[in-house]
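Put together the whole structure using the sequences plus the hints.
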Amino acid sequence: MTGKRYPEITWSSMVFGIFVGVLMNASMTYAGLKIGFTITGSAIAAVLGFGVLRGVLRRGSILEVNLAQTVASTVNTITSGIIFTVPVLFLINPEQPRGGVRLWLITLACAAGAVMGCAFIVPLRKQMIEIDRLRFPSGTAMSAILRAPGAGGKKSLVLIVAAIFAAILYYPTASTQLKWNGRHALGYSDQEWRLAMPEPAAAGDASAEANYQAQLHRVDHNRDGKGDLVLDGEEFHLGRLLGIPDFLALTLAISPLSFGAGYLSGRPGLMVLAGGVLAYWVLAPAAYLGGFMPPTVQDFQVTESARIGLTRPLGIGMLLGGATMGIVAALPAMRAAFKSIASATRITKRQDEMDLRTILLIAAPCAIVLFFAAHLTRTPGDSGWLGGLPFLAQNLVITVVGVVWIWFAGIIIAQCTGMTDWSPISGIALLTVVLVMLLGGASDTVGAVMVGATLCCAVTASADMMTDLKTGQLIGSIPRRQQMSQTLTAAIGPFVSMATLMLIISNNLEQTKSAEIARLANAPAAERAAAGEPKGIPIGPGTETPAPQATALLAVINGMQGGELPYALYGCGAVLGLLLGVGAFSGLGVLVGISMYLPFHSILTYGLGCVTQMIVAKVKGDDWAEEWGVPTCAGFVIGEGLLALGIAALALALPSLEKMF
Amino acid sequence: MQWVASLLMMLGTSLGVYGAASAYYVPIDAPDEVILNLTLNDDAGAKPGDNGVIVPVAKRGRQLDAAAIAELRKNAPGMPGQSPAWKYVRVKEFAWSRWPGKWYTAAGTLMLLGGALLARKTRGAVVAADDGSVVPISAMSVAELEADIEAILRQSQSAGAAKAICDLTDAIQKRWIKPLVRSQPAFISATGIGRAAEALSSLAAVERNLNRAWSAAADGYLEESIEALGDARIYCQSTREKLLKLERGT
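Residue numbers (our numbering), protein chains in the order written: chain A, 1 to 661; chain B, 1 to 250.
Be aware that a few hints might be false.
Straight line, CA to CA, 30 Å or less: simulated DSS-like cross-link-like pairs of lysine-lysine [what the hints assert, rightly or not]:
(1) B/K178 x A/K154
(2) A/K620 x B/K163
(3) B/K59 x B/K102
(4) A/K179 x A/K535
(5) A/K179 x A/K226
(6) B/K92 x B/K74
(7) B/K178 x A/K155
(8) A/K226 x B/K47
(9) A/K4 x B/K92
(10) B/K245 x B/K121
(11) A/K179 x A/K618
(12) B/K178 x A/K349
(13) A/K618 x A/K154
(14) A/K179 x A/K659
(15) B/K174 x A/K155
(16) A/K618 x B/K174
Source of the hints: derived by calculation from the structure; they are not laboratory data.
Rendered as structure tokens:
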């Protein structure tokens with residue numbers, strides 16, 4: 001194709017990216033409200049891009065498909081910003097008007113936040129990708145997917161086989177979301193792989209009876225008369241099988257994606273495993289055996305109890321401290337990166353990076369939107385740290401703090417994603433809500449949720465942008481083109497998510513209202529009179545979409561209002577995270593922090609991936625481990641990702657199909 | 001010394017985290033004036049409820065008055081699966097004087113600080129002693145990389161050039177880029193990140209342009225591929241100049 005321009009940003013890549021992004025956004029909004037987590041869609045968009053752009057439309061270069069996946073993931077990834085936060089307003093006030101001005105102002109602020117998140121992270125590309133060389137496992141996997149057709153048949157085959165294997169392995173963990181006529185599809189739990197029950201003791205033998213009770217407790221925690229499940233949902237309870245005490249959790253997540261991310265992180269990711277071991281094999285058992293946990297917490301509940309009450313707050317603190325140290329350590333590199341962007345000197349005839357003036361031109365209007373949204377959604381009050389200031393000045397301070405916090409949190413999340421592929425967005429949202437409530441008063445829930453949602457959208461956009469720029473580095477995209485396309489399309493996602501959320505809420509209200517009417521029809525007259533006119537439940541417990549993350553955020557808001565937040569744990573974590581970063585590796589605090597924040601079963605599977613990479617590299621050499629390991633793990637990432645999206649979309653469609661047939 | 005540093009950091013973190021975890025706990029047998037009127041932030045105590053189910057003696061949110069404290073002290077644990085040595089209650093209020101693990105945290109923090117400073121001091125030596133699969137970042141090695149890129153450019157006009165570019169850029173990745181990247185920590189350690197940043201960023205641009213040349217060649221866009229190789233060569237020259245400046249100390 002001599003003489004033809006190499007296609008990178010094209011109409012087809014942009015339109016395709018937006019189209020796929022909108023579809024994925026709607027599916028993920030539903031899935032996130034139902035199961036509590038979302039997946040980034042880069043890998044899925046890349047595969048669809050190949051299929052549609054190259055397969056159907058007979059066009060699409062490697063870089064064009066990359067642009068399409070960049071845009072699609074931008075539109076999709078912002079979902080979590082909305083669904084982790086906005087449902088809180090409906091949980092607090094079920095009669096919150098749907099589609100009111102306030103909600104659309106929040107959406108506008110989220111859109112501004114997403115654009116700002118993209119713009120703010122641009123100057124850090126050089127520091128994170130070129131100088132610190134963060135791994136960004138998903139970004140690395142994506143480059144393997146995009147390069148696969150040109151890299152030879154064998155690697156493509158490896159990738160496809162790995163993807164099929166991952167999908168088969170993962171299917172039973174997610175299949176139970178698919179329901180038809182009240183019955184769900186079979187999953188791992190339905191295999192009924194259980195621990196064997198002990199033989200009952202002979203009557204009258206007290207010591208045999210005590211022994212029997214002890215054994216019974218070990219194999220039947222919930223006292224349902226059956227041995228505990230070894231394969232339960234997405235968890236493989238290896239510890240139960242080996243007879244290890246339950247307060248020492250040895251449970252693996254059945255997640256090829258986590259394993260693949262661990263492999264792609266390699267040796268540095270091992271620090272996450274070390275942090276997990278400290279949190280769940282040292283701290284949690286020590287707290288249990290040391291008498292800190294209430295006696296109502298049983299041994300099999302130790303890990304989760306410790307996570308909620310101890311390791312998670314410490315982990316959030318460590319993330320903050322570790323990230324602060326990471327920023328301090330990287331300041332010289334950041335200064336050099338800013339200098340090079342500001343001088344805008346071109347070594348070649350192409351401009352590689354978005355310039356500082358453009359960044360400021362994009363960010364300034366977004367900050368103004370944030371200010372107006374804060375001013376119009378917040379309730380005037382005189383409590384909180386800013387209580388003495390006029391309302392206008394309060395909102396100005398909240399906007400400035402919000403903008404600075406977006407920049408800082410964007411770096412934290414991008415660093416976490418770069419090192420591990422995990423982003424502790426819910427933890428950062430929690431801190432943001434706390435910060436705004438401290439500034440504006442504990443009763444200012446709407447303002448806090450608005451800034452929290454904006455920040456979530458901003459930091460997810462930052463992390464996604466950096467992941468895509470890593471892919472771009474590995475396949476040779478021009479960063480400026482990716483930065484521009486992502487910044488231009490970042491505002492779409494919040495509107496799609498919010499519209500989907502409103503649709504789900506309408507549906508929930510209708511369904512729960514009908515159910516209540518049906519229930520009251522058979523109820524005594526007195527009960528009917530007491531219940532009044534059924535209003536339905538918009539979201540949360542009692543509906544098809546329990547919104548677990550928003551429910552957790554509501555608990556934090558209630559805790560904040562009741563003075564229950566463990567500030568001392570955040571503070572101790574921050575000091576330890578800061579000191580960890582003083583050592584040889586400034587990102588250590590972030591790695592240990594994230595491991596204390598996440599559930600241990602995910603960390604173990606991730607750690608298994610890291611160890612596997614080290615063994616493969618030792619046995620077969622670094623190059624072999626990279627050459628064949630990366631396409632294999634890219635297959636794992638895409639297999640699980642594609643299947644999760646497919647199941648989410650199907651779960652969304654099945655209730656309507658059920659009504660039709 | 002590196003292992004001493006790692007050990008200190010590991011022990012310091014463990015001790016610090018263990019002590020910190022107790023920040024909101026008060027021993028149930030603490031003097032009444034210490035525990036009285038505090039508010040529970042978790043369930044406390046256990047007693048058998050209906051149907052043999054274990055239930056808390058006092059629920060989260062309850063204020064610890066004299067009656068609640070007496071009841072909690074009376075109910076000792078001892079049921080299967082329960083904490084074997086329940087001794088503390090979790091409260092909402094924090095006070096330095098009540099914090100049982102404060103000295104653990106203080107000691108852990110000091111150990112961690114010592115370990116971190118030691119690790120920082122020995123970092124350069126450890127990185128420099130890395131295995132032999134690295135090529136040191138220097139003006140000379142970048143000049144050799146540049147020569148290899150020029151060699152590809154010379155071959156790019158021949159038949160089957162696209163395939164050749166893919167193969168040769170792959171070979172450059174293995175021979176130069178990956179080994180140079182592996183030596184990056186040692187380079188940063190020796191030069192300082194502020195001074196190293198510009199050269200490293202320029203080297204990364206070489207890598208990105210080589211990757212672009214590969215992608216364009218794999219897609220069959222030969223002109224773009226050659227242009228990207230040309231850009232990679234220009235970035236090589238720029239990197240070499242920056243490294244020469246660093247090597248001369250200017």
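Hints, one by one, checked against the model:
no.	hint	in the structure
1	B/K178 x A/K154	22 Å, holds
2	A/K620 x B/K163	27 Å, holds
3	B/K59 x B/K102	26 Å, holds
4	A/K179 x A/K535	26 Å, holds
5	A/K179 x A/K226	25 Å, holds
6	B/K92 x B/K74	23 Å, holds
7	B/K178 x A/K155	20 Å, holds
8	A/K226 x B/K47	25 Å, holds
9	A/K4 x B/K92	69 Å, violated
10	B/K245 x B/K121	26 Å, holds
11	A/K179 x A/K618	46 Å, violated
12	B/K178 x A/K349	27 Å, holds
13	A/K618 x A/K154	23 Å, holds
14	A/K179 x A/K659	13 Å, holds
15	B/K174 x A/K155	17 Å, holds
16	A/K618 x B/K174	17 Å, holds
Of the hints listed earlier, those the structure fails to meet are numbers 9, 11, in rising order.
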